[in-house]
Amino acid sequence: GIQVEQSPPDLILQEGANSTLRCNFSDSVNNLQWFHQNPWGQLINLFYIPSGTKQNGRLSATTVATERYSLLYISSSQTTDSGVYFCAVEAAYNTDKLIFGTGTRLQVFP
Amino acid sequence: DAGVIQSPRHEVTEMGQEVTLRCKPISGHNSLFWYRQTMMRGLELLIYFNNNVPIDDSGMPEDRFSAKMPNASFSTLKIQPSEPRDSAVYFCASSFPSQKSSGNTIYFGEGSWLTVV
Chain A
7 GIQVEQSPPD LILQEGANST LRCNFSDSVN NLQWFHQNPW GQLINLFYIP
57 SGTKQNGRLS ATTVATERYS LLYISSSQTT DSGVYFCAVE AAYNTDKLIF
107 GTGTRLQVFP
Chain B
3 DAGVIQSPRH EVTEMGQEVT LRCKPISGHN SLFWYRQTMM RGLELLIYFN
53 NNVPIDDSGM PEDRFSAKMP NASFSTLKIQ PSEPRDSAVY FCASSFPSQK
103 SSGNTIYFGE GSWLTVV
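Residue numbers (this note's numbering), protein chains in the order written: chain A, 7 to 116; chain B, 3 to 119.
Honestly, the hints are just simulated from the structure, not real lab data. Note that beta-carbon positions come from the ideal geometry of N, C-alpha and C, so glycine has one too. Watch out, some of these pointers could steer you wrong.
Claimed, not checked - Incomplete in silico selection of chain B near chain A, CB under 8 Å:
| # | residue |
| --- | --- |
| 1 | G30 |
| 2 | T40 |
| 3 | V55 |
| 4 | I57 |
| 5 | D58 |
| 6 | F67 |
| 7 | T107 |
| 8 | G113 |
Work the whole structure out from these sequences, hints included.
Here you go:
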């Protein structure tokens, strides 16, 4: 099946810093989403971005489908950004089946 | 909308007991997913339904696990008998075919935290 790898696995930042999280996937995809899991375990959908670029406040994401990667940018990080960020994809040959990457654990300190 | 509703939120049970986790998807959503999250294996898709029909159960770990969706507003995940290695957070999620700009956006419940002792 499709493989989804995220990097870095862990990231520690001071408040105000910027960061880039990467998601590589091994096959063509119909769907790519970024999620944030907060320290209480809640999973929140951030972006649906199978291609192109989107922005939402301090967060933005870019997916280059032809090169099979996506980037999540966090600018001016805040302590509330802490948690785990997951990339999830639906392979083009197996729609509706959303496969998650291993995640990037982000800790933002004041 | 109230979102995806799962129950129980927390359960502690003894090995060998039957465990039933419940999920109410968002009204109007036609796909429902059960995921399991552990430290070792991350988020794994166990099974998903489309229009109440199981489409792919290849992620169900073994015969002790079963899932049903008797109608569009309710699903259960059952473990019988339970074992300590089943301890995990079990998430239910639902989605619907949406506008192209937002795709099949998936929404997660808050999870059922299961501990088998």
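Does the interface hint hold: is T107(B) within less than 8 Å of chain A, judged Cβ to Cβ? Result: holds, 6 Å to nearest chain A Cβ.
For the hint on G30(B), does the least C-beta distance to chain A fall short of 8 Å? 16 Å, violated
Per-residue hint verdict: G113(B), partner chain A, C-beta under 8 Å: 6 Å, holds
Was the hint right that D58(B) lines chain A, CB cutoff 8 Å? 6 Å, holds
Mind checking the CB of T40(B) against every CB in chain A and telling me if the closest is under 8 Å? With a minimum Cβ separation of about 12 Å from chain A (threshold 8 Å), the hint on T40(B) is violated.
Does the CB of I57(B) sit less than 8 Å away from some CB of chain A? 7 Å, holds
Is the hint on F67(B) kept, meaning its closest Cβ partner in chain A is under 8 Å away? 17 Å, violated
With 8 Å as the cut and Cβ atoms as the points, is V55(B) at the interface with chain A? 12 Å, violated
The structure is inconsistent with the numbered hints 1, 2, 3, 6, although it conforms to all the rest.
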